[in-house]
Amino acid sequence: MPQNATSNETPIEKKLVQIRREGEERDTERRASRSGFPYVNLRRTPVSLEAVKLVPEAQAREAGVVALEIKPGKAALAARDPKSAATKKIVRDLEEKKYEVKLFMASPSSLEEAWRFYKFVAGELKEITGKVGIEQKQLEEFLGRLKSFQAVRDALQKFDFSKTSVTALLEIVLAGALANGASDIHFEAEEEHAKIRFRLDGILQDAFGNLPAHNYEGLVSRIKLLSGLKINIRGEPQDGRFTIDLQKKEIEVRVSIIPSEFGETIVMRILDPETIQIDLSGLGIREDDLAIVERELLKPNGLILNTGPTGSGKTTTLYAFLRRIVSSEIKIITIEDPIEYRIEGVEQTQVDPDVGYSFAGGLRAILRQDPDAILVGEIRDKETADIAMQASLTGHLVFSTLHTNDAIGAVPRLIDLGVKAATVGPALSLVIAQRLVRKLCRECRKAAAGETELGRKIENFIKKLPRRVRRDAYKKTAVYAAGGCVKCNGSGYKGRLGIFEFLVAGPELEAVILEEASEVALRRLAEKQEMVTMQEDGILKVLQGETSFDEVEKITGPISW
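Note that our numbering numbers the sequence shown so that position 414 is 414, with each residue one more than the last.
Heads up, a few of these hints could be off.
[Said to hold, decoys possible] Lysine-lysine pairs mimicking BS3-like chemistry, simulated, CA-CA at most 27 Å apart: (1) K464 with K494; (2) K71 with K89; (3) K464 with K487; (4) K158 with K195; (5) K53 with K97; (6) K487 with K147; (7) K71 with K102; (8) K195 with K494; (9) K119 with K230; (10) K487 with K475; (11) K457 with K554; (12) K15 with K53; (13) K119 with K147; (14) K299 with K102; (15) K53 with K158; (16) K446 with K457; (17) K88 with K102; (18) K382 with K457; (19) K88 with K74; (20) K475 with K420; (21) K299 with K14; (22) K102 with K119; (23) K446 with K147; (24) K331 with K299; (25) K158 with K147; (26) K119 with K158; (27) K119 with K163; (28) K494 with K554; (29) K463 with K554; (30) K446 with K487; (31) K147 with K163; (32) K420 with K446; (33) K119 with K14; (34) K83 with K97.
These aren't lab readings, by the way, just hints derived from the structure by calculation.
Model the full structure from these sequences, guided by the hints.
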């Protein structure tokens, strides 16, 4: 869905338009070279809204110019004909306002693209504030109307583009996402239309699949405007952010835009501070494993690693750990990419490659700040791993994440990065692996059909549980399956919880690492420690009625009874 192309154009027609534009740009570049002016392609060059305001729209269109950049005492002006009388008059007007003007030559069609900015200047999309203000009364109205995902779908389906602006559409989308607990909103360009999808409990669901192409263009521009992005740049990725001001709290929205075959695709990540306000008891960690965590958090030093793929809840868990230890008596510093949520009592920093503030460089700098505890967003390379290990060995409590499939895989991964085996064992104190499973909807969950064979498997499973697990808590439990109702949008699930496994470090782990550090040897040690695996933890949560066997198998694979 290329910008300014009609939605009923065929692929061949669109290609012909592109070829004509490319030819026009080549001709303009040649004319610019002959006339001694620098050439500019306004489809690829950022245009400043503040600069556009320098020349009134009617005058700009008549003269065939647009102001594209403004700096103290300087202005850049793109013109169809830099030598025309109309252009020279505008240059004189700007010089009288104490601007030194630099002239460029631009093609007529790229000027047309730039003139679209005047509707933003005129206020159609309001001023750039970086915030979406939703009044409390309006929010309550939205939340009342959009309590279910189906209500969001209905509201979007009934939206009248002829009477209402894209700003109102965006407000409905954002309010619907907040009301239904969506973590992400996807805007996806397709050949004739665009679609909007919400990620609810980890699953993408269609919210609106018939957004007209020309309305989508306006929506993309509105999102770019709010996010502080370049509105006229469409051929390269962009990242930005804005804030939704909900009176008592601010919700940050991170925006990622990439070019695709039919236009631009946008993903919004919603960072609601309330979703991260979970203490240790709310993570879903069993009582016996929680005792292990509490013990390790009380130690003055050590390395606690949390492993798992992106989106598995690692950040939420580590933030809960930090809130557990935060105190006026200790100093906690983080280095993150990016900072996802603010934690009171913790000094948070963010990587910035442009100034050399990487995980490794930042960690080295943090160690000069006399911290007691450190959170490193992720260990990605040998340098970061080595510094984290040394920090652990020199009296600091260090938290970080690693991308491995399970807790056991963390050790070989560190060694693969180049960390010495003799360092890994003494530095590690605890390795966690986790995933998120969907919770059964309490309104519609249903008792699973009883199977004698399944009953025997469950009975044998309970008998084999480690002594530290309270077996009696699982002997008289019912097994439930997903139903489907309005409350859960027909999915049978509402919300998510973690399933975990914990590998405790110590002399035995050090010995295994020094001997061979193979996954087979590490798995034998885990069995000796009576580690409850993620899948086993998932089964225990099924027996407590919190999730289903289907969900556990979807996340961890076929159950090994």
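Cross-check of the supplied hints:
1. K464 with K494: violated, 31 Å
2. K71 with K89: Answer holds: K71 to K89 is near 20 Å, not above 27 Å.
3. K464 with K487: Cα-Cα ~37 Å, so violated.
4. K158 with K195: holds, 15 Å
5. K53 with K97: Given that 27 Å is the threshold and the Cα spacing comes to 13 Å, the pair holds.
6. K487 with K147: holds, 9 Å
7. K71 with K102: OK: K71 and K102 at ~11 Å, within 27 Å.
8. K195 with K494: With Cα atoms ~24 Å apart, K195 and K494 stay inside 27 Å; holds.
9. K119 with K230: Status holds; Cα separation ~15 Å.
10. K487 with K475: violated, 30 Å
11. K457 with K554: Cα-Cα ~19 Å, so holds.
12. K15 with K53: It is violated: about 34 Å lies between the C-alpha atoms, which goes past 27 Å.
13. K119 with K147: Not satisfied, since the Cα-Cα distance of roughly 34 Å exceeds 27 Å.
14. K299 with K102: violated, 63 Å
15. K53 with K158: violated, 36 Å
16. K446 with K457: Holds, because 20 Å separates the two Cα atoms, which is no more than 27 Å.
17. K88 with K102: Given that 27 Å is the threshold and the Cα spacing comes to 12 Å, the pair holds.
18. K382 with K457: Answer violated: K382 to K457 is near 44 Å, above 27 Å.
19. K88 with K74: At roughly 16 Å apart (the allowed maximum being 27 Å), K74 and K88 satisfy the hint.
20. K475 with K420: violated, 45 Å
21. K299 with K14: violated, 64 Å
22. K102 with K119: holds, 25 Å
23. K446 with K147: holds, 23 Å
24. K331 with K299: holds, 15 Å
25. K158 with K147: Cα-Cα ~16 Å, so holds.
26. K119 with K158: Holds: K119 and K158 sit about 26 Å apart, inside 27 Å.
27. K119 with K163: Between K119 and K163 the Cα gap is close to 17 Å, so the pair holds against 27 Å.
28. K494 with K554: holds, 16 Å
29. K463 with K554: holds, 25 Å
30. K446 with K487: Answer holds: K446 to K487 is near 15 Å, not above 27 Å.
31. K147 with K163: The hint holds at about 24 Å.
32. K420 with K446: violated, 52 Å
33. K119 with K14: holds, 25 Å
34. K83 with K97: holds, 20 Å
Of the numbered hints stated above, those contradicted by the structure are hints 1, 3, 10, 12, 13, 14, 15, 18, 20, 21, 32, listed in ascending order.
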